Amino acid sequence: MIALRLVHLIENHSEELAETLTHKLLTSERTSSLRAVPASELHQRCHEVYRNLSEWILTKTEHEIEPIYARLGARRAQQGVDLASVIWALMLTKENLFEFLSREGIHGTAESVFGELELLRSLDQFFDRAIYHAVVGFEKAAVPVAA
Amino acid sequence: MHPDSSLWHHIVIRYIKRVVVADSAVSRYAAFGGHELSMIALRLVRLIETNADLLAQSLLEKFRTSPHTRSMAKVPEEELRERCAEIYRNLSEWLLHKTGAEIERRYRAVGERRAHQGVPLADLTWAILLTKERLWQFLEQQGFLRGPLEIYGELELLRLLDQFFDRSACYAIEGYERAQQSAVRARPETGTAGRTEHPLPA
Numbered sequence: 009m010i011a012l013r014l015v016h017l018i019e020n021h022s023e024e025l026a027e028t029l030t031h032k033l034l035t036s037e038r039t040s041s042l043r044a045v046p047a048s049e050l051h052q053r054c055h056e057v058y059r060n061l062s063e064w065i066l067t068k069t070e071h072e073i074e075p076i077y078a079r080l081g082a083r084r085a086q087q088g089v090d091l092a093s094v095i096w097a098l099m100l101t102k103e104n105l106f107e108f109l110s111r112e113g114i115h116g117t118a119e120s121v122f123g124e125l126e127l128l129r130s131l132d133q134f135f136d137r138a139i140y141h142a143v144v145g146f147e148k149a150a151v152p153v154a155a
Numbered sequence: 022m023h024p025d026s027s028l029w030h031h032i033v034i035r036y037i038k039r040v041v042v043a044d045s046a047v048s049r050y051a052a053f054g055g056h057e058l059s060m061i062a063l064r065l066v067r068l069i070e071t072n073a074d075l076l077a078q079s080l081l082e083k084f085r086t087s088p089h090t091r092s093m094a095k096v097p098e099e100e101l102r103e104r105c106a107e108i109y110r111n112l113s114e115w116l117l118h119k120t121g122a123e124i125e126r127r128y129r130a131v132g133e134r135r136a137h138q139g140v141p142l143a144d145l146t147w148a149i150l151l152t153k154e155r156l157w158q159f160l161e162q163q164g165f166l167r168g169p170l171e172i173y174g175e176l177e178l179l180r181l182l183d184q185f186f187d188r189s190a191c192y193a194i195e196g197y198e199r200a201q202q203s204a205v206r207a208r209p210e211t212g213t214a215g216r217t218e219h220p221l222p223a
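One line per chain: the protein sequences are A and B, in this order. Under our numbering, the first sequence is numbered contiguously, ending at residue 155. Under our numbering, the second sequence is numbered contiguously, ending at residue 223.
These are calculated hints, taken from the structure and not from any lab test. Careful, some of the hints might be misleading.
[Said to hold, decoys possible] For the chain B half of the interface with chain A, some residues (derived, Cβ under 10 Å), not all of them:
1. Glu114
2. Leu117
3. Val131
4. Pro141
5. Leu142
6. Leu145
7. Lys153
8. Phe159
9. Asp183
10. Tyr192
11. Glu195
[What the hints assert, rightly or not] Across the chosen pairs, the derived CB separations fall in these ranges:
12. Glu126(A) - Gln78(B): 23 to 31 Å
13. Pro88(B) - Glu56(A): 34 to 42 Å
14. Glu19(A) - Asn72(B): 23 to 31 Å
Owing to the predicted nature of the structure, the values given are computational and were not obtained by experimental measurement. Glycine included, each C-beta is placed from N, C-alpha and C at the ideal position.
Just chain B, same shape as in the assembly (with noise of 0.2 Å):
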């Protein structure tokens, strides 16, 4: 279950009614339930795409040097690196394409791995909000987020990216709690009951 809003879809529609209507592009985009408004946002998603290795690269940094992240050094760089420019290598198919089934299975095994690598769960949730917060710093410095199309373009894909970014999260944290769970149940009894100890051995 993730809280779907149509909040941004509301702005969008509102925004092109009263600003930008006379525009061809904006008419079809009414005309054609949302196709012309997606291709938009699907242009910022391809900018992104086309730097996916620039973005990864930087944000392995931001990793390094976050106080939030610290224990993401525990994870293999080749497989972080592998892990960031994969998802913004394939970002329209993570936000446009996939399942929640799809996006929830791979979150939980991110999360069940992170676990038995012994990062702390906050270190985990702090890395996919980074991952976030990356992309947008992004578009920023590109000089995006100007003029009307932009605007709602920008709009409908951060829809996407919120809700891409929540489910991402949550998942992550379920996968993550179950890998303490199992470790917990395989542990042989030695009188304490109650929560892991934290993090889990590898």
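So here's chain A without its partners, still in its complex pose (with noise of 0.2 Å):
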């Protein structure tokens, strides 16, 4: 069983784990040309994963992953930003909640350990899935303009 009550931590911290989260985007310079994409959709953007997570780990399928993430990628491509500040992004996202956890939610009891473990794998596969398919919308976006 999923730890639940570790993905409703998460949630009701959403907004300020947006905060940090866009701070790090804004200041890493390995996602310096997220610069490019305004401080406000950012924010919003990050918020957004956050809020709504247990739906995004519990009950969006692969088919409902994939055009949010598509389309993300495609909007980080037209507005200029490189591939890997998006992919860099994406694990940032990951690590933030990581750090969030193991400052406020992980207990590591007999009773919780598996379903901490659980919910671990489920985020690591739903980023892995974030990452694919980011990676595929922005390539789409950016075949085109050469030929």
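Assembling the complex is the task here: the two chains are given apart, and the hints tell you how they should meet.
Okay, here's the thing in structure tokens:
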């Protein structure tokens, strides 16, 4: 059984999480080209992921994740963001979450450890798929220009 | 730069303190700052290394059948097999001893090579993610992850694998993009500015 308590903890702190992530994205050297994205859009995007995390990892199917992240990749391509920055940003989104859980939520008791492990694996799988579909969307948006 | 997390370590420490603190091996873990734990994770890694060829074979099969990695067929089978087996065979080396700079160098080169082979970046990305996924399936099939020692060994391994494969994917993408940019620069002026046609010519 996945650790729903932690999922809800994340959702309840989504604003704070979005705030710290936006700051990281705008200050990290690896994601410097994300500065081409308006800060409000970036914040909104971060917030949206964290706010609806239970939906993302528990109910959304691969087919639902695909168009959303493909669109995200395509939009960043059009905004002139380089792909490496997009991918680092997605990894930072996961990492920011793990740091938060490390500070606030993980208990590591016998009763909870399996659920926590399950949650971490679900998060990992979700972000792996998000990365893949963002790459697909980005590449599609990047193709037609040179021909 | 990689966003480095201490979450896994944190879970493990709490788990040890609250659940299995009476176990002598675990107590030694606490006393020696993680070495006992690493040994347990290392046992799982050794199991993977011992089965490297088998794992590589089943991973190649996944590449062949997944709609997301069709273009990996552009890579000569022997090269791909060797590449997969090499990661699994030397996993402890990659996870425990290689520096960030070494991982960066290796995966940028992989990214560049796949670009030149005409493999789309999305397929390459999926292939790297599948390489990680295959390991979990293998450990589950082997019936690990049941007792307390295995659980925290697995958590430690999860952390290391996650960091390693996240880095690998990022560096491969960077290498791939560099190869694309070099190809654009090398191309004669055609009057069309902007992004490169994809995939790159071999």
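Taking the hints in turn, this is what the structure says about them:
For Glu114(B), the shortest C-beta to C-beta distance to chain A is roughly 23 Å, which exceeds 10 Å, and the interface hint is violated. A distance limit of 10 Å between C-beta atoms decides the matter here; for Leu117(B) the minimum to chain A is near 20 Å, and the interface restraint is violated. Checking Val131(B) against chain A: minimum C-beta separation of about 15 Å lies over 10 Å; hint violated. For Pro141(B), the interface hint holds, since its Cβ comes within 10 Å of a Cβ in chain A; the closest pair sits about 6 Å apart.
A cut of 10 Å between beta carbons decides the hint on Leu142(B): the least distance to chain A is about 6 Å, and the hint holds. Proximity of Leu145(B) to chain A holds as hinted, the smallest CB-CB distance being about 9 Å (cut-off 10 Å). Because the beta carbon of Lys153(B) sits about 8 Å from the nearest beta carbon in chain A, less than 10 Å, this interface hint is met. A least Cβ separation of about 14 Å between Phe159(B) and chain A goes past the 10 Å threshold, and the interface hint is therefore violated.
Nearest Cβ of chain A to the Cβ of Asp183(B): about 6 Å, under the 10 Å cut. The hint holds. A least Cβ separation of about 9 Å between Tyr192(B) and chain A falls short of the 10 Å threshold, and the interface hint therefore holds. For the restraint placing Glu195(B) at the interface with chain A, the shortest Cβ-Cβ distance is roughly 5 Å, inside the 10 Å limit, so the hint holds. As the Cβ distance of Glu126(A) to Gln78(B) is approximately 29 Å, the hint placing it in 23 to 31 Å holds.
About 28 Å separates the C-beta atoms of Pro88(B) and Glu56(A), a value inconsistent with the hinted range of 34 to 42 Å. Separation of Glu19(A) from Asn72(B) is about 40 Å and departs from the stated range, judged on CB atoms against 23 to 31 Å.
The earlier numbered hints that this structure contradicts are 1, 2, 3, 8, 13, 14.
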